[in-house]
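Peer 1: Fit chain P with the ligands to the supplied structure of chain L, relying on the hints for placement.
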Amino acid sequence: MRLKTFRGGAHVPHFKELTATKPIRDARLPAKVVVALHQHTGAPCEALVKVGDHVKVGQKIGDSKAALTAPVHAPVSGKVVDIAPYPQSGGREVVSIVIESDGLQEVADTVRPKGELDGLSQGDLREIIREAGIVGLGGAAFPTYFKLTPPPGKSFDTLIINGSECEPYLTADQRLMMERPEDAIFGTRVLMKAAGVSRAFIGIEENKPEAIEAMQKAAERHSGIEIVPLAAKYPQGAEKQLIKAIVNREVPCGGLPVDVGVIVNNVGTAVAVGEAISTGMPLVERVVTVTGSPVKEPSNLKVKIGTLVSDLVEECEGFASEPAKVIIGGPMMGVAQFTMDIPVTKGTSGVLFLTIDEVSLEEPLPCVRCGKCVENCPMHLLPLFISQYADAGRFDEAAEYGAMDCIECGSCSFICPSRRHLVQSIRLAKAEIAARRRKK
Amino acid sequence: MAENQFIVSSSPHLRSEVSTPVIMRDVIIALLPPSFAGIYLFGFRALAVMIVGTLAAVITEAVIERATHRPVTIGDYSAAVAGLLLALVLPPDIPLWIVAVGSIVAIGVGKQVFGGLGHNPFNPALIGRAVLLASWPVAMTTWRWPVASAPWMGKGFDILTSATPLAALKLSGIKTPYGPLFWGTVAGSIGETSAIAVLIGAAYLLIRGHITWRIPGYYILTVAVLSLLFGQDPVFHVLAGGLLFGAFFMATDYVSTPVTPKGQAIFGIGCGVLTVLIRLYGGYPEGVCYSILIMDATTALLDRFTRPRKLGEVRRSA
Ligand code: SF4
Ligand code: SF4
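Top line first, the protein sequences correspond to chains L and P.
Using the working numbering, you'd call the opening residue of the first sequence number 61 and step up by one each time.
Using the working numbering, you'd call the opening residue of the second sequence number 2 and step up by one each time.
Calculated directly from the structure, the hints in this document are not laboratory data.
Mixed in with the good hints, there may be bad ones.
Quick look at which bits of chain L chain P covers, simulated, 3 or more residues with Cβ under 8 Å [unchecked claim]: (1) 123-130; (2) 306-317; (3) 472-482.
From the derived model, a few chain L residues whose C-beta atoms are all more than 10 Å from chain P [claimed, not checked]: (4) Lys82; (5) Arg85; (6) Gly112; (7) Phe216; (8) Val288; (9) Leu425; (10) Leu442; (11) Arg487; (12) Lys499; (13) Lys500.
The structure presented is a predicted model; accordingly, all values stated were derived computationally and were not measured.
Yeah, the Cβ is synthetic: ideal placement off N, Cα and C, and Gly gets one too.
Chain P with its partners taken away, still in its complex shape:
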């Protein structure tokens, strides 16, 4: 046996089976329940949005990397995740070319200008959504009633027509009951309306250990507590709009959120405060997207100033 052929490398000699592409693939799996809910509720138009969003993101990543002579990294699935995430927070009837523009912006401006995977300070999908909302406000807020409805939705619901539950509350003071919010039979973004579908996907990520409860937990709890303090129905505010989807799938984006436990708690609380303030006092009925983007901007600071106490470290009291 050739003895000089042993591989010599630094310890540890054992690596966990979970690699970054595996995690990204798991995020896509976790997005399947909201995706299927979206198709069930809004029909194949929703599927078209998802396909265009995902493909445009993957193609944009490949083209930019090719053009700048860097290795093409679409195999790590992170571009596909960003594209699908964007599609799921768009209205079902949005023109498909706008979807494509959103994905191009998400990957091009949200991710690649900063150097690609691991370097984006903001959540790329939310950058895409924010740009679309600013550029095509009408298309971005034209909602549709789900094609599928549930038997418990009897009389009195026709007045909701095509306003989202948050808009209905803000503009007409109508509060959608919990049932439709839970199952998702309300107007809204493709992947956001069904609370149960979002929770199933989130449970998968939690069980696989890819996300922790910290950011979504503090986020949702803060929204519940604050809305109660403002005399609102906390359950409604948790179930309505994009909160659950945003808390579990957007505010848990690795790259743009803090890594320290304390930083994550502050991040979640900050998102919650901003979301409630925008919902109650802002110009938009919903504030999840902007809240998370604003908090993303604080991530570097939070990481710097919330360093955990080392084992055995004695902190001088201030």
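Here chain L stands alone, though its shape is the one from the complex:
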């Protein structure tokens, strides 16, 4: 069978063997959690509790009146000890609610099963999903209910569930599909109804045969859901590439998937959505792959949102060798961190540690025009020229060459034999171009 895929992209090493066979296990209850009030795309939340308050698991502790936002909930029961700015991924400080766990995990009485799927309307579902604080768990953390509501005049005809997990090292989604395929399918059905579509495709890279098999079995009894094995190529899980591969539609430049009638959700998101209906538990925990060669016992952990990265390291029995780099997310698009004293957020799919030998410190050479970045760009851009213009401060030309269409996947920098910092300079160009457009 010819596997579905897109043109371009890079064959990156997978490094998944560190955790691919490790079942998801519950991390120990942390002594305290730091729940950021802004861990999603959109407006930050306001705290709904005060220092000294007692909170229960699943209790809403932050929300906002803005249209685009996502409420946050208490992942543990215990006492609110601080509400103040705390460092987050990337060094940003965000107002956060610190809860000291009382170890009892008393559940809030707002957490109740929402009833049969058949009895819930599209509007009910969107509301439940919003109230559960669900955002895209693949890393982007875009509020799911907002995505589910198409702008006026547009509608969906297809739901795509992203189970490709194309980032090297990460295995959280793979394990979810292997261990909880029924829950993933239930979540898919919820999302289908909430989006108003009758067909769904679940794309999974072919290098995860157990996940494909488990999901196929679970999907059998449900019409309209099809499992699509995809070529294992980076960035297969990027929205536009996934849509191109599965339904052969191209999201117009500057547009959104809804422009071609498609909504894409991560498989982890689907599981969280299912849970919000079946148990009523909002998004207070997620699966995180903690991995990398310095980690003694790399693991797939089910973690309370707000758990500190340093706690996760302890959970994995510490380090076997000195880590030189800490990355939130995967190695291709993840963000390097200054410290391990940052909390897991809704968008944290993995924590990766690298040793000094694994960190590329090579100095860039001049571009030799090998064309490899061109062959590999999944958006069919000319990364070498965009970055040249960006470096020269010629942002109009960078824009003309499609800087704004760059999805920052990093394939070009990965492949460049001259080790040029292509994405880095394209990213700068994008920021500059966006700033100039705002001014106009």
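Peer 2: This is chain P with the ligands only, laid out in the frame that chain L set:
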């Protein structure tokens, strides 16, 4: 553990193992089959040409960079590649001092005046060869019959004496059979005569993913189709002269050729058209070197006007 000592840099945090020096080293490896074929066919004189060509190129690069107070970059192997490429497209008996001049010109004029690695608009080795051909036309066209010959070359071949197959065809209408062209037992440049050796080297570069089939494919196909249209034997024109070597090792030079897929196709076709025209109607029996140099001049334009369609881009129809 000192937490403030984590390295913080921009994504991606993973890099491919293939670096520019690795690619250059692989090009040298790919040039080994034609090099050994050259030594086998033309003896140790050929080896001397290769050594002088390579060394002169490396020394020139180091001296110029030293003199202009820039970092010496001979460690990226690109100068060695240019020198060896030049040597392989020279006649085996060419005086060694001319070889050295060729390498000095290739690196000095072909590469360093433009700013070194990545900046040369023309293929440095071909610049070297073109200058030598213009300056010492006799030495550059004095050919020799290979010292090694193959058993299938029976009677009737002595008349070929020391003309290259293309010259023999152009001047005397004699067509060399495929066998000698394939194995390389004909007069010609050191690395160019043996088609099989060139193809082995090319296969290595293709398998390693350092070159794509696009430029050489379109180039060779165009030569075959056009020579057929002109009533010539396409197989002969593909195997004879420097076409295969030029298509796989010269027209695939990264720096001086287009990076866009369409640009590469046009580049290859252009090279093919020019090569056939020069071979059939030009003043020289062979046209590979000049064809590629001429097309090199179009590279910037080709890149500019053959931008690929972006994913999701809707082109206004003209
Ligand atoms: S991959 Fe690097 S060296 Fe090659 S063309 Fe792109 S920027 Fe230049
Ligand atoms: S230019 Fe952007 S989209 Fe293209 S490979 Fe580089 S990072 Fe990915």
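Peer 1: Identify every previously stated hint that the structure contradicts and give their numbers, smallest first.
Peer 2: 1, 9, 10 and 11
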